[in-house]
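Position chain B against the provided structure of chain A, taking the given hints into account.
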Amino acid sequence: MSKEMCDVIGRVMPAPENFLGAEKLEDARKARRRFMGSALAMGAGVAATAGVTGKALAAEGEDAILKLPEHTTGLGLPVVTDGYGKPSKWEANLQRRQSPGLTRVNQASVSFTPLQGLFGMITPSGLHFERHHQGWWDIDPSNHRLMINGLVKRQRVFTMDDLMRLPSVSRIHFIECGANTATEWGNVAVPTVQYTHGMVSCSEFTGVLLSTLLEMCGVDKKLGKYILAEGADGSSMTRTIALDRAMDDCIVAWGMNGEMLRPENGYPLRLVVPGVQGVSWVKYLRRIEVGDQKYATKDESVHYMDLMPDGLHRQYTGIQECKSVITTPSGGQTLLDKGYYNVTGLAWSGRGPIKRVDVSTDGGRNWRNARIDGTVLPKAMTRFNIDWVWDGKPAILQSRAIDSTGYVQPQINQLRAVRGTRSVYHQNAIQSWLVSQNGEVSNVQVY
Amino acid sequence: MPTSVKNKNTPAAGVAFEPLKGTKSVAQQNRIDGLLSHARQAAVLALACVAFSSFAQVKPWQNMGRDATPAEVKAWDIDVRPDFKGLPKGAGSVDKGAAVWEAQCTSCHGSFGESNEVFTPIIGGTTADDIKTGRVKGLLEGKSIAPQRTTVMKVATVSTLWDYINRAMPWNAPKSLSADEVFAVTAYLLNLADIVPADFTLSDKNIAEVQQRMPNRNGMVFYEPLWRTDGKGDIKNVACMKNCAVDETIHSSLPAFARDAHGNIAEQNRIVGPVRGADTTQPPPKGPAGSVALPKPVVVAAASGGSADVKAMLGANACLACHGIKNKIVGPGFNEVVAKHKGRADLEGYLLSKIKGGGVGVFGGIPMPAQPQLSDTDAKAIAQWIAVGAP
Chain A
73 MSKEMCDVIG RVMPAPENFL GAEKLEDARK ARRRFMGSAL AMGAGVAATA GVTGKALAAE
133 GEDAILKLPE HTTGLGLPVV TDGYGKPSKW EANLQRRQSP GLTRVNQASV SFTPLQGLFG
193 MITPSGLHFE RHHQGWWDID PSNHRLMING LVKRQRVFTM DDLMRLPSVS RIHFIECGAN
253 TATEWGNVAV PTVQYTHGMV SCSEFTGVLL STLLEMCGVD KKLGKYILAE GADGSSMTRT
313 IALDRAMDDC IVAWGMNGEM LRPENGYPLR LVVPGVQGVS WVKYLRRIEV GDQKYATKDE
373 SVHYMDLMPD GLHRQYTGIQ ECKSVITTPS GGQTLLDKGY YNVTGLAWSG RGPIKRVDVS
433 TDGGRNWRNA RIDGTVLPKA MTRFNIDWVW DGKPAILQSR AIDSTGYVQP QINQLRAVRG
493 TRSVYHQNAI QSWLVSQNGE VSNVQVY
Chain B
36 MPTSVKNKNT PAAGVAFEPL KGTKSVAQQN RIDGLLSHAR QAAVLALACV AFSSFAQVKP
96 WQNMGRDATP AEVKAWDIDV RPDFKGLPKG AGSVDKGAAV WEAQCTSCHG SFGESNEVFT
156 PIIGGTTADD IKTGRVKGLL EGKSIAPQRT TVMKVATVST LWDYINRAMP WNAPKSLSAD
216 EVFAVTAYLL NLADIVPADF TLSDKNIAEV QQRMPNRNGM VFYEPLWRTD GKGDIKNVAC
276 MKNCAVDETI HSSLPAFARD AHGNIAEQNR IVGPVRGADT TQPPPKGPAG SVALPKPVVV
336 AAASGGSADV KAMLGANACL ACHGIKNKIV GPGFNEVVAK HKGRADLEGY LLSKIKGGGV
396 GVFGGIPMPA QPQLSDTDAK AIAQWIAVGA P
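Residue numbers (this note's numbering), protein chains in the order written: chain A, 73 to 519; chain B, 36 to 426.
Worth flagging that the hints you see were computed from the coordinates, not collected in a lab. In this text, a Cβ means the ideal position worked out from N, Cα and C, and glycines have one as well. All clues given are correct.
Between beta-carbon pairs, the in silico distance windows are:
no. : chain 1 : residue 1 : chain 2 : residue 2 : range
1   : B       : V327      : A       : G198      : 32 to 38 Å
2   : A       : G330      : B       : G378      : 54 to 60 Å
3   : B       : I360      : A       : P381      : 41 to 47 Å
4   : B       : G424      : A       : P150      : 36 to 42 Å
Listed next, the in silico DMTMM-like pairs over lysine to aspartate or glutamate satisfying Cα-Cα at most 25 Å (straight line):
no. : chain 1 : residue 1 : chain 2 : residue 2
5   : A       : K297      : B       : E107
6   : B       : K94       : A       : D316
7   : B       : K271      : A       : E256
8   : B       : K267      : A       : D371
9   : A       : K294      : B       : D112
10  : B       : K167      : A       : D382
11  : A       : K225      : B       : D102
12  : A       : K410      : A       : E134
13  : B       : K109      : A       : D364
14  : B       : K94       : A       : E287
15  : B       : K321      : A       : D409
16  : B       : K240      : A       : D364
Take a look, some chain A residues computed to stay more than 10 Å from chain B by CB distance:
no. : residue
17  : V151
18  : H216
19  : I444
One chain only, chain B, in its complex shape:
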């Protein structure tokens, strides 16, 4: 700060002048006074320089902003570290966790955290032996006992579960659980993974012991070369320029049936330029390039008329990622939905339930996830639009 720097330096400058005074003749004194006045000027200059250099250290914007109040820090500083710094006091039993889970978590994660419908499974793929060793054997190539890698197979720190449930769950109402409820839900999950018994109550007092039973607690490595910007990395390629060793085999390519899996690529490219998007609604052209007429340039037709709002909704909710208006993508085209259910009396209500709740089996095995984010009004508008033939 400027004041402290000044206080330190001013007396020192003054001390240097004092002995000169009163030990000399008047003439001398006058000369000395003259010199002193120069010296004073110099001192002023020196002070200015001190002030200037302190200006360089203490920025003029230093005091922008304000101090955070303790209550504000408490409200936002919610993170919990692996050493449990930040963990509030509290406790919750497996039983209480089951009740919270059933009410608030099951719709996305399934009753036992095993569901793969909306999110990848949380629970599964760990064994009693993993809990002993702290390494999940199922993470070894070909050793997995679960269809896919679950959260509990990967996570090494129980603090991570607590912190994430507390900050981000439930999905549509994050930060609404009390600390005790977070302890309870965490306890329920730990019990599903056989890390704690069914009569367990998890608390800030015993969570460190639970950490010692996390199945993958020894499964992490810190690899610094890919953490530091100035690291060297782990793969070494050499920039060969001529007659390099390649086997020229095409090791992998897209199967023919996937040609239109991402929609019509012609509609995803510019209509001028050196290239066009391939018309993936058609099989690949047989002749050489330039021998067949190029597909007509198409621009995705803008939504129009009274269905514009619905089409905007379809876009905003990513319905169109899986359903074409007039073509199948992953799910059926809306035209196919219309055709399949033609004449159904309760069509609008049926569609509404499918849109909101999701489903599987009507058009094949790929499930359509529930769309809880859609308001009833929007879901109804979409259902109505399909019911009248998806115009």
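Okay, chain A solo, but in the shape it has when bound:
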């Protein structure tokens, strides 16, 4: 096929037909019709092949093998068809989604990561969950500034040029919204792992250690006890962080998974506070103030607090404690048949690395150690797997993580016994998935 025709067919855009001769034009039209025909068929979402396992084959075999498809017999697309590649169109079902009715204003809302379809420990940047407090922005990095003031010898201003010249680190950490799994405090409320646990993501963050910046400014370690981190967006999100945390492993980050932060995740600069709930990872970071008292900001005095049964609120509870969840099979999914399954999921802890994950397939009566054969890092997602042969009878799948401190992920009734049922935040209970005889998996609470 000629280059021109390749372009015409490949783009599925208004074609430069007037550049072609009469003969070529007719060929191009035919080819376009063919291409459009098949594209439409695909767009309608009907996969023509009988791809489902276990179906009877015709005597000679499967069409998928016997009839060579267009992609085997034709010419594929050229390089740089898309200067910044996107996932296959066949993956379009895996999207960040809102939970209907959860929030009422789109700029102060969340979208959930589709954990049910992800592999390994890293969340694709385009599927990283979102939480905005007053809408998101795509800020011009050349006009972004970071100011450090308060109890420092020198109050300083940094441009992105300044910051990106500093010694940088790249570290993999999970970020979890304090309200992840909030809907499940009282009872089961949502169907899938995307909505129960999808406000957690894990990325490699690149930036300068906050300690480096604070040292450069001459932080007053005697009087300074806390920092206040502040965003540049309309909400100017503010959170108090202990100075010893700030001097430990916090990162002022511009990079995420090898590229710059996505705008939805705080481009061009965000704070990374490993192990601590996402609200403290201030996006569009514009200011760090060193102070000697906590700040009682709106999101530490009205939200992100734990309401206890005695009517008191625990304020400044920010650590995301050890937690895990089975992502496949998980709620809303259907098992194709009896037999072998690789049960897989994620575990994480805000206190350090994951030490062990146990899995039960009988509702918590008996447990086996899961395989952890990927990378295990402190305050990062850890992928676990375990073999399971499903006999077709109802089964309840659970995972239970243990971190380096020996803390064992609790049952929901243990959490409720201490914190009641009215809390919104920091729900890290063992998740149960019921596999029914028809193969459908659903969200249940069992303890």
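Below, chain B alone, put in the same frame as chain A:
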């Protein structure tokens, strides 16, 4: 700094050499000079080491960035702490606050801060007794006198209200209120909660006294084990492995009517792999797994044709979270909206007002919030698209 370290050390090294000179013979002196030259070399080396060690303390990137000017710090350092550090001078009356409120806050929060339409209520659920004790009784289990927990039931510090209104309100024009207006709006809210009287003027002078009347001022605890990374937490589970005590009761599960409350789960899962998303547009399959044909693999149809822009808008503004194009989710499907209002002459205008202003009651009791963020052009395009049948 390197210079100060040098100044401190160089004279000390020099003093050690001086007494040797002039007290010895020439030969001795020559030898000594030779030694000295060695010593000098050693001293140079020592200095180099001093410089090197000071290099380790003062980083070569130390002076990256620049000093902030006082005006810059003033422009950005807007936080107000519970001890009122950072609070600017100013004052505002309840009456003035009411005027600002009516103009800029009512559309989201209702006239009395009680509205639950767009945001959760700010005011309600506190009593005169709470103001006396500093503990909101309604936060006790089963004791709430409001349908839900309001801001004023929770917040312990009046500085928080001032700081947040100042930094983030009004919703679509944050940081546009003057300090006096922030005092006024805060005064108005405090009056709605009966914390201050109707003729009150709140100012930087009297705000500390108002703090002593905050209904939940004694309602917070600082729980350090969940603040520190190396804390121990408050829940103790034990990793039992065999025959563990569980009652095997399913204590909670999703009711059948909620099967499609989050849309069709088949369209939220990959089309290959060990599992599929359940087709929640259909009732659950009756037979065992593998006995019935699996739902056909579906990929969400990409937006196409002339309505692509509108569909992108529907996605960007999260309309599709509540309205399916051809199915009900929380709100009616766009097809149902089309069907209900078929033949209505002013359909486009009607839809435009509903999109921008929100509404409740046409399709049931769940309110649709107003969408003030939508530009008139975008809202009109969506209204037009629905009016022509939501293709």
